[in-house]
Structure formats: C-alpha cells, structure tokens
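Q: Single-letter residue listing:
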Amino acid sequence: MNEAISKKPVRVGKPLKTRLLNNWQLYLLLLIPVVITFIYKYIPMYGIQIAFRDYKASRGYLGSEWVGFDWFTRFFNAPTFGRMIKNTILLSFYSLLWSFPVPIILSLCINQLRFKRYQRVVQTVLYAPHFISTMVICGMLRIFLSPSGGLINLLLGTQVDFLTQSSAFRTIYIASGIWQDAGWGCIIYLATLSNVDTSLYEAAKVDGASVFQRIMNVDVPALLPMAILNLIMSAGSLMNVGFEKVWLLQTELNKATSDVIAVYVYQQGIENAKYSYSTAVGLFNTVINLVLLFVVNKIASKTSDVGIV
Amino acid sequence: MKKSRGLSDKTSDIILVTICTIIMLLVAYPLYYVVVASVSNPYDVYAGKTFLLPSEFTLKGYTAVFADDSLLRGFLNSVKYTVIGTVFSVVMLYITAYPLAQSDLPGRKFFSIFFLITMYFGGGLVPTYLVVKQTGLLYNMWALFLPGGVAVGNMIIVRNYFQNNIPHDLIEAASIDGCSKWRTFIRIVIPLSKPIMAVMVVFSMVAYWNDWFTALIYLRAEQAPMPLVIRNILIKSSASASQASTISGGYAELNKLTEMLKFSSMIVAAAPMLIIYPFVQKYFEKGFMAGAVKG
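Order-wise, the sequence lines are chains U and V. In this text, residue positions in the first sequence follow the working numbering: the first is 1, and each later residue adds one. In this text, residue positions in the second sequence follow the working numbering: the first is 310, and each later residue adds one.
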C-alpha cells in the first residue's frame, strides 16, 4: 500500500480518500489521546452549564433547574468577594513584577561565565529547587519561618511568627517563588543566548568593548523578543494564582492577604460540595483570564510580531 | 575568545564568578540546612547550633521514615504512581506527536487545534471532578493520569523535535522499502528521538512524583502519595498513631522524633528527583529550543 504512493515526496496531489486510507495507522494512534481528551477535557467544558443551574446529581446536567446568573450574583455579594479579587490580582501582579526580571539578569551573568564546567555547576544548582514538590517547599518555609527556632528568626535574632502576619504573606510567597523557579526560568534565555553569533562578540572585542558593554549591546538585544513573549504569556494569566502554595501557606491569621479565588473554588466545590456555586466562581475566573490573554495578545501582535494564539 | 585578554576582562571574570557563586550559595543553602538538620538533634537545630555542621549525628530520622507505616506506604504509592504515570504520559505524548508531525496528514490542523484549545480553556475543578466521578475513577489510581490527558505543551516540543530532527527523506526511504507507519514509528522515530524522550521521561516523573493535589481530590487517605502523607507531619504537625505506638521513650522522645521526621521526610520526598535531573540536564536547552521554534 505504501509502495504505491512512495514515488512522490509530496502527496498533496492524491485524492483525499487515498490519503486517509494511507494514514489509517496514524489515525488509530491518534484515536486514544483524542478519546481521552474528549472525555476528560471536553465533557467538563459541557459540564460548565451547571454554573447556570442548581445542579443535583440525581437529575443530571440537563435535568437540573436553570437559575441563570444567580450563583454569580451570590459570589459578587459574598462578604469576601472584594478581598479575594484584590488578593488574587495583587499576588499575581507583584509576583510578575518581581519574578520576571530575575531570570533575565541571571542568564546574562551565567552566559558570560568563561569556565564552562563552572557554568554547568551553577546551572545544576540553580535548577534544583524547581524539581522539589510544593509540599516540601512549603514544609521548609513553615519550619524556616517558625517563631521558635526557625532559620530566619535564628539569623535575625527575632521570634516573629511570620505566617500569622498578613503583611508578610506576599513577600514569603514571592521570595520563595523566585528561589524555586528563577534558575529554571533561565533555560529559555540561555538557549537563546547560545544562538548568538560569536562573531558579534569578536567584533565588539575588537572595538574594545568591555564585558558589561558586550552584555548591553549584544546579549540584551538578543534576549528582548523572548523576554517580551514571556511577559505577554505571564500577563495573560494574571488571575491565575496557583492553588497549592497559597493553600499550604494559608493560616487563619494571614487570610487578609492570602484569601484568593483558587482556594475558594476548592473549598466551596470539593470540601463543601457546592458544585454549581464553585463552578460559577471558577468560570468567572477563567473568563477574565481568557479576556486578558486575548487583549494582551492583541496588543502584542499589533506592536511587534510576537504572538501566541 | 582565545586572544589575549585585557585586565578589565579578568576583573569582570572575577566579578561574574563572585556574583554567581553567591547566588548559587543562596539557592543551595536552605537545602543544605535541611540535610544537616535531618541528621542532627532537632533541639540543637532549633537552638541554632547546626548552621554548618550537624550536631549529635544520627540517622534515626531516616530509619523512622521507613519504620512508619503511613510514610512507607506513601513512598511506595509515589513510586507506583510515578512509574505507571510516566509510562502512560510518554506513550500518550509520542502517539499524539508522531501523527501530528506528518505534514501531509489530512486533518492535521483540526487535531492540533483540538488539543491546543485544552491549553487555554477547561471545564475547571468541579466539572472535571464530576466527570472523573461519573466515569468511575474516584478512588482509582487512574484518576491521577487520565484527566491530565495529553500534556499539550510537551507534545508540541516533541512534535517539533520530530519535524526538525528526523529527516523526512529517512521516513520516505522507509516507506519505499515497504515499512508501515507503525514500524517506521518504532524502528526509526523512537530510536532517533532519545534525547527528547529522556527529557520527557524526567518531566513526567517529576510531575507525578511531586503531585499531591490530584490525589487529595480523587483518592483515599491510604492511597495518598508521599507528599500528601508528609503534609500531616509538616503542615498539621501531628504524629501518626503508628509512631505513638512504636515509641517506648514516652512523650518527650516521640516529640523529638516527630521533629526529626519533619526534616528527614522532606529529604526522602525531594531526593529522588534531585538525583535524576542532572543526568538529562544537557538536553533541557535543546528541548526548549525545539519547543520555541514553531514547526
């Protein structure tokens, strides 16, 4: 069967039926992921309608009573609504603000290291925290920040219970995030820098440029498009604060800053089994994210030629 | 680069090395501190006596991890989930990426979009939970693997790798020799893509080994993986019943052991992945570039 069509490298000329038949094995391979994705990704999208219904398991999706935007109204009127929106946006905005530049600066330094073996060691060490579970990271944070004998308090000579202070929560969240992922974030920039034409460095050297000047005039321009692309992607997920770390670091006393939408969705949906309400809150969050993504992407594709969707 | 370097280059070398070394120490020290603490007397740790070296060196914390029923079960669960999940994920990535890498496959664009959409939009926590429940996966190990479907970001990296690194002529030649698509996949594509496979294996392993949220939602307590078990010790700071019954030294001894367990269980939970990733580190950059170049 394959011999019949193998003479031509491009088979576009063949009739569609032949092309479909020739590829039946490939379709069979694709069938498995397509079915799994359909069941576990697309059926839940269909299930989103329970945000507009009073879902009862016994009645199913379509049988449950239609309530329109009742759940959304209820969410907007929830006593902690304003706090959750504010905390979600601020936590993610400050994260972006502080975390975004670090990998860029780091990779500029690492890239200029002349001793390749040492460069490897630096990279290996900086990548390490990325491979550790949030559970362990938060366990470490809990121990380090403990008022009695925690590393931070020992070093500062104080006895502060940081996790009960809402003013410290964002700093803890963001600083530990940088510690864990700034190194890993370098990879994409280092890969970009490794493609820089070495003759540019030679030329800069002949012109008497110092290392710092070479970084500013050769490396920085080379990194800029990738940095912009990364910034766009992060801006598009501004309402997308991860659940895990916040939930593990949250205490009754720091809720003024640690109460975010993702945790609320989990508590209402899984802990309290308020399926419809939780779905409505989650949908609200997703829609805002999508709008942000489209807006940011639109701006980006107008101002430069980078874009993602 | 080999030409004679001016003094300013040497000075900047020293500055750069110093900066990088300081950053490296800042990243490594918390991990080192936990390792030291895990083999020390916990009361000395909290008194600030173990900044650099352990005090009263002991491996009791580690023997306690494996003597504790729930921690041991959690560890074994994690190993099981990681092995099965990784095989499942990598197979899924490959059987999706290979067809989509064939530029002449009718419907290729449709299928690409079909998968891509799931990257930007999903049903959310509860609708997904309900489907998992309806398909009978609640309290079933497969609830950890199936709802994730295809890791689309990684799939694109693999697909681009196939397109850019496996010569189209080779596939053609195999086809001329009467090699079926499946055989080409197994005999040519898989052996030629070992670097990217190594990266994907490590990514999947790390994801499954470190995951606990999925297990929190879908599984029973006795099915919990390691991170979820250590949550009881780390976050809730409670000793398990099995420990209380095996310790003879009374409350003080139990307290001390619980504190030691905090450190040693974290190391046991973190160490396997920290040992594995340096082996594929050299492929990371390549993999990311393959993903960044649009195919």
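Hints listed in this document are in silico derivations from the structure and should not be mistaken for laboratory results. Quantities reported herein were computed from a predicted structural model and do not represent experimental measurements. There may be inaccurate statements among the hints.
[What the hints assert, rightly or not] Under the rule of at most 20 Å between Cα atoms (straight-line distance), these lysine to aspartate or glutamate pairs were calculated in the EDC-like manner:
#: 1; chain 1: U; residue 1: Lys255; chain 2: U; residue 2: Asp161
#: 2; chain 1: U; residue 1: Lys255; chain 2: U; residue 2: Asp54
#: 3; chain 1: U; residue 1: Lys245; chain 2: U; residue 2: Glu202
#: 4; chain 1: U; residue 1: Lys56; chain 2: U; residue 2: Glu252
#: 5; chain 1: U; residue 1: Lys205; chain 2: U; residue 2: Asp181
#: 6; chain 1: U; residue 1: Lys205; chain 2: V; residue 2: Asp378
#: 7; chain 1: U; residue 1: Lys86; chain 2: U; residue 2: Glu65
#: 8; chain 1: U; residue 1: Lys116; chain 2: V; residue 2: Asp378
#: 9; chain 1: V; residue 1: Lys442; chain 2: U; residue 2: Glu271
#: 10; chain 1: V; residue 1: Lys591; chain 2: U; residue 2: Asp181
#: 11; chain 1: U; residue 1: Lys205; chain 2: V; residue 2: Asp318
#: 12; chain 1: U; residue 1: Lys116; chain 2: V; residue 2: Glu562
#: 13; chain 1: V; residue 1: Lys503; chain 2: V; residue 2: Glu594
#: 14; chain 1: U; residue 1: Lys116; chain 2: V; residue 2: Asp318
#: 15; chain 1: U; residue 1: Lys116; chain 2: U; residue 2: Asp197
#: 16; chain 1: V; residue 1: Lys565; chain 2: V; residue 2: Asp322
#: 17; chain 1: U; residue 1: Lys17; chain 2: V; residue 2: Asp413
#: 18; chain 1: V; residue 1: Lys369; chain 2: V; residue 2: Glu594
#: 19; chain 1: U; residue 1: Lys14; chain 2: V; residue 2: Glu365
#: 20; chain 1: V; residue 1: Lys442; chain 2: U; residue 2: Asp259
#: 21; chain 1: V; residue 1: Lys369; chain 2: V; residue 2: Asp353
#: 22; chain 1: U; residue 1: Lys14; chain 2: V; residue 2: Glu481
#: 23; chain 1: V; residue 1: Lys595; chain 2: U; residue 2: Asp197
#: 24; chain 1: V; residue 1: Lys389; chain 2: V; residue 2: Asp378
#: 25; chain 1: V; residue 1: Lys319; chain 2: U; residue 2: Glu271
#: 26; chain 1: U; residue 1: Lys56; chain 2: U; residue 2: Glu271
#: 27; chain 1: V; residue 1: Lys565; chain 2: V; residue 2: Asp318
#: 28; chain 1: V; residue 1: Lys442; chain 2: V; residue 2: Glu531
#: 29; chain 1: U; residue 1: Lys86; chain 2: U; residue 2: Asp197
#: 30; chain 1: U; residue 1: Lys245; chain 2: U; residue 2: Asp207
#: 31; chain 1: U; residue 1: Lys86; chain 2: U; residue 2: Asp259
#: 32; chain 1: U; residue 1: Lys245; chain 2: U; residue 2: Asp259
#: 33; chain 1: U; residue 1: Lys255; chain 2: U; residue 2: Glu271
#: 34; chain 1: U; residue 1: Lys245; chain 2: U; residue 2: Asp161
#: 35; chain 1: U; residue 1: Lys274; chain 2: U; residue 2: Glu65
#: 36; chain 1: V; residue 1: Lys319; chain 2: U; residue 2: Asp207
#: 37; chain 1: V; residue 1: Lys565; chain 2: V; residue 2: Asp378
Q: Hints first: check each against the structure and report whether it holds.
A: Structure-based check of all given hints:
1. Simply put, Lys255/U and Asp161/U have alpha-carbon atoms about 15 Å apart, close enough for the 20 Å limit, and the pair holds.
2. The hinted pair formed by Lys255/U and Asp54/U fails the criterion: a straight-line CA distance of about 29 Å is larger than 20 Å.
3. Pair hint Lys245/U plus Glu202/U does not hold up; C-alpha atoms about 46 Å apart against a cutoff of 20 Å.
4. With a C-alpha separation of about 32 Å, the suggested pairing of Lys56/U with Glu252/U is violated against the 20 Å cut-off.
5. Of the pairs offered as hints, the one joining Lys205/U and Asp181/U is violated, with about 33 Å between alpha carbons and a cut-off of 20 Å exceeded.
6. For the given pair, Lys205/U sits about 63 Å from Asp378/V by alpha-carbon distance, which is inconsistent with the 20 Å threshold.
7. Taking the CA atoms of Lys86/U and Glu65/U, the gap is near 32 Å; set against the 20 Å cutoff, the hint is violated.
8. The suggested pairing of Lys116/U with Asp378/V is violated, with an alpha-carbon distance near 46 Å, which exceeds 20 Å.
9. Annotation: proposed proximity of Lys442/V to Glu271/U holds, straight-line Cα distance about 15 Å (limit 20 Å).
10. Distance restraint check for Lys591/V and Asp181/U: the Cα-Cα separation of roughly 18 Å lies within the 20 Å cut-off, and the hinted pair is therefore satisfied.
11. With a C-alpha separation of about 10 Å, the suggested pair Lys205/U and Asp318/V falls inside the 20 Å cut-off, and the hint holds.
12. At roughly 49 Å between alpha-carbon atoms, Lys116/U and Glu562/V are farther apart than 20 Å, so this suggested pair is violated.
13. A hinted pair counts as satisfied when its Cα atoms are at most 20 Å apart, and Lys503/V with Glu594/V qualifies at roughly 15 Å.
14. Taken as a hint, the Lys116/U and Asp318/V pair is honoured in the structure, with Cα atoms around 16 Å apart against an allowance of 20 Å.
15. With a C-alpha separation of about 18 Å, the suggested pairing of Lys116/U with Asp197/U holds against the 20 Å cut-off.
16. Restraint check for Lys565/V and Asp322/V: the C-alpha separation of about 47 Å exceeds 20 Å, so the hint is violated.
17. Our distance criterion of 20 Å between C-alpha atoms is met by Lys17/U and Asp413/V, whose separation comes to about 13 Å.
18. For the hint pairing Lys369/V with Glu594/V, the CA-to-CA distance comes to about 40 Å; that exceeds 20 Å, so the pair is violated.
19. Simply put, Lys14/U and Glu365/V have alpha-carbon atoms about 77 Å apart, too far for the 20 Å limit, and the pair is violated.
20. At roughly 28 Å between alpha-carbon atoms, Lys442/V and Asp259/U are farther apart than 20 Å, so this suggested pair is violated.
21. Distance restraint check for Lys369/V and Asp353/V: the Cα-Cα separation of roughly 15 Å lies within the 20 Å cut-off, and the hinted pair is therefore satisfied.
22. Proximity of Lys14/U to Glu481/V is assessed by CA-CA distance (about 16 Å); at most 20 Å being required, the pair is judged to hold.
23. With a CA separation close to 17 Å, the supplied pair Lys595/V and Asp197/U stays within the 20 Å bound.
24. Under the criterion of a C-alpha separation no larger than 20 Å, the hint pairing Lys389/V with Asp378/V is consistent with the structure, at around 16 Å.
25. Pair hint Lys319/V plus Glu271/U does not hold up; C-alpha atoms about 60 Å apart against a cutoff of 20 Å.
26. At most 20 Å may separate the alpha-carbon atoms for a hinted pair to count; Lys56/U and Glu271/U meet this at roughly 17 Å.
27. Pair hint Lys565/V plus Asp318/V does not hold up; C-alpha atoms about 53 Å apart against a cutoff of 20 Å.
28. With a C-alpha separation of about 19 Å, the suggested pairing of Lys442/V with Glu531/V holds against the 20 Å cut-off.
29. With a C-alpha separation of about 45 Å, the suggested pair Lys86/U and Asp197/U falls outside the 20 Å cut-off, and the hint is violated.
30. Straight-line distance between C-alpha atoms of Lys245/U and Asp207/U comes to about 50 Å, which puts the hinted pair past the 20 Å bound.
31. Of the pairs offered as hints, the one joining Lys86/U and Asp259/U holds, with about 9 Å between alpha carbons and a cut-off of 20 Å not exceeded.
32. Distance restraint check for Lys245/U and Asp259/U: the Cα-Cα separation of roughly 12 Å lies within the 20 Å cut-off, and the hinted pair is therefore satisfied.
33. For the hint pairing Lys255/U with Glu271/U, the CA-to-CA distance comes to about 18 Å; that is within 20 Å, so the pair holds.
34. The suggested pairing of Lys245/U with Asp161/U holds, with an alpha-carbon distance near 18 Å, which does not exceed 20 Å.
35. Straight-line distance between C-alpha atoms of Lys274/U and Glu65/U comes to about 15 Å, which keeps the hinted pair within the 20 Å bound.
36. Pair hint Lys319/V plus Asp207/U holds up; C-alpha atoms about 17 Å apart against a cutoff of 20 Å.
37. Taking the CA atoms of Lys565/V and Asp378/V, the gap is about 18 Å. The hint holds against a cut of 20 Å.
Against the hints set out earlier in the document, violations occur for numbers 2, 3, 4, 5, 6, 7, 8, 12, 16, 18, 19, 20, 25, 27, 29, 30.
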